[in-house]
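> Position chain B relative to chain A; hints supplied.
Protein chains: 2
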Amino acid sequence: MIVERLVILGVGLIGGSLARAVRVAGACRQVIGWGRSPGTLQRALELGVVDEIEPNLASAVRGADLVVAAIPPGAMEGMFRELAKLLGPEVIITDVGSTKGSVVAAARAAFGALPPGFVPGHPIAGKENSGVEAADADLFRCKRVILTPLPETSPEAVAKVRALWECCGAEVSEMGVEHHDTVLAATSHLPHLLAFTLVDTLANMDDNWEIFRYAAGGFRDFTRIASSDPVMWRDICLANRVDLLAMLDRYNDGLQQVATAIAAGDGEYLYRIFGHARAAREHFLRLEKG
Amino acid sequence: MIVERLVILGVGLIGGSLARAVRVAGACRQVIGWGRSPGTLQRALELGVVDEIEPNLASAVRGADLVVAAIPPGAMEGMFRELAKLLGPEVIITDVGSTKGSVVAAARAAFGALPPGFVPGHPIAGKENSGVEAADADLFRCKRVILTPLPETSPEAVAKVRALWECCGAEVSEMGVEHHDTVLAATSHLPHLLAFTLVDTLANMDDNWEIFRYAAGGFRDFTRIASSDPVMWRDICLANRVDLLAMLDRYNDGLQQVATAIAAGDGEYLYRIFGHARAAREHFLRLEKG
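Each protein sequence line maps, in turn, to chains A and B. For the first sequence, numbering that gives the first Met the number 0 assigns the number 0 to the initial residue and increments by one for each residue that follows. For the second sequence, numbering that gives the first Met the number 0 assigns the number 0 to the initial residue and increments by one for each residue that follows.
One chain only, chain A, in its complex shape (with noise of 0.2 angstroms):
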């Protein structure tokens, strides 16, 4: 039994998920459930994702040995601010926020100090539809947990929520939170914000329809995140824009050289930068298999 009573904080797609995998590695004596829309709450109970609802945030973390923060980005300072009336010291917090250094800002601003059993956390592990009707057991089997702990963390708190993911069949790996913050920006970030973008500048076109008719399964794969929660998207963008504007403005630079090879029917350019991704391409697919 890793946790006694174990409180998550949103039951959506990764609240929900977490749930049902700790359930089934029987890795908690109790799964409690709290969100602010009664319905989805309703609904995770009925579902068996969690073992009890409760919609008083009160109620609900009384008693508990581990809160797990499952809200957007933006939600956390407000909720964090709750948490530090009602959790004492020896209550372990961990969050799965998308961006770090934006949670760990919120957490100090709401607690005063950063907590020591406070450990920043990020599954990297998402799908295609969101809500708890998506929750799945097995969405962080051999998935990336990124704990960005931070020198006042207490290495214990750190060791619990490691465990915590383990027993989900989740690698689990620790970094500094800017690394993180930097890593993601361009690996999640960016690919999103181009990916909502050009769906968004298609779906603006006279005439969409006929556009999207004669998409194919390549175009398909590549807006595949374009149906990501926009709440959720619009919050990470925010919470880490230093970051992923310095991303978009490399790839910028990227993209013009780009255009002006094509303008200019640069063709042995073009070759280079294309080769060139397709072989880095590959050879990370290789590293990720072996």
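I should point out that these hints are in silico values taken from the structure, not numbers from a laboratory. It cannot be assumed that every hint is accurate.
When chains are identical, the list treats them as one kind, so a pair holds in a single copy or across two.
[To be verified] In silico EDC-like links for lysine to aspartate or glutamate, alpha-carbon gap of 16 angstroms or less:
no., residue 1, residue 2
1, Lys126, Glu281
2, Lys126, Asp220
3, Lys159, Glu170
4, Lys159, Glu3
Frame of chain A; chain B shown alone:
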């Protein structure tokens, strides 16, 4: 029997898959493969992709009813110039190029005038791997093939090429050359350019190994098209440069507005764009399934 002697020039993924599909359908008496690489040609024979191989172009097309140019867009004009010397006016010629304006211009230049038997075509199908090894008889099943006949084109030739693709399980439609190139710039050429550029940009970063290591499934889907053949995509970008650069301009405007919103902390704007993109994509997927 749709065709007696079908000659496929270039037995890569598309040419090889067409050969396999028509052979499975029993639509041709003989399927001949021609190509510049003796190794690929030999492999096509060993894999049972074609009935016969013929490395000499004049011998390959002798007695042909229908010749399919399944070669990179950049090689079309040179090929048409050779075919102009070898083929009588009764022979139907089609191609599988992803851009149609450039192929029509190449045909006009090579043949002097557009031959009535020339039917520009584009199967909208592909996969992550290229080459004859990836050839698949089911590649075109339920996929769209666009034909862009011109006023000069003989209706009989169009009917024959349509029948050939339909026997592979494809849905054939017809549209104007310019319309084709605009639509494909939006849904195929621009996404490929964006994906190639993203992977190249990330691969040029100092900690590229770390970056790719923490990439998740969304990144893999988003960049799948960056594993496409660099020669073909170089040619496509150059062949459709006017439409592609116009689409890229439009896209850059959208990206600039999103960047401005992020810098200004304008969450409302981001939410609107992201929500619109998600709704448009889901609407389009529903149309596809319906």
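> Taking the hints in turn, state whether each one holds.
Outcome of the hint check:
1. Lys126 - Glu281: between (23 angstroms within a copy, 15 angstroms between copies)
2. Lys126 - Asp220: both (12 angstroms within a copy, 11 angstroms between copies)
3. Lys159 - Glu170: within (14 angstroms within a copy, 56 angstroms between copies)
4. Lys159 - Glu3: The answer is within: 12 angstroms in one copy meets 16 angstroms, while 71 angstroms across copies does not.
In summary, the structure agrees with every hint in the numbered list given earlier.
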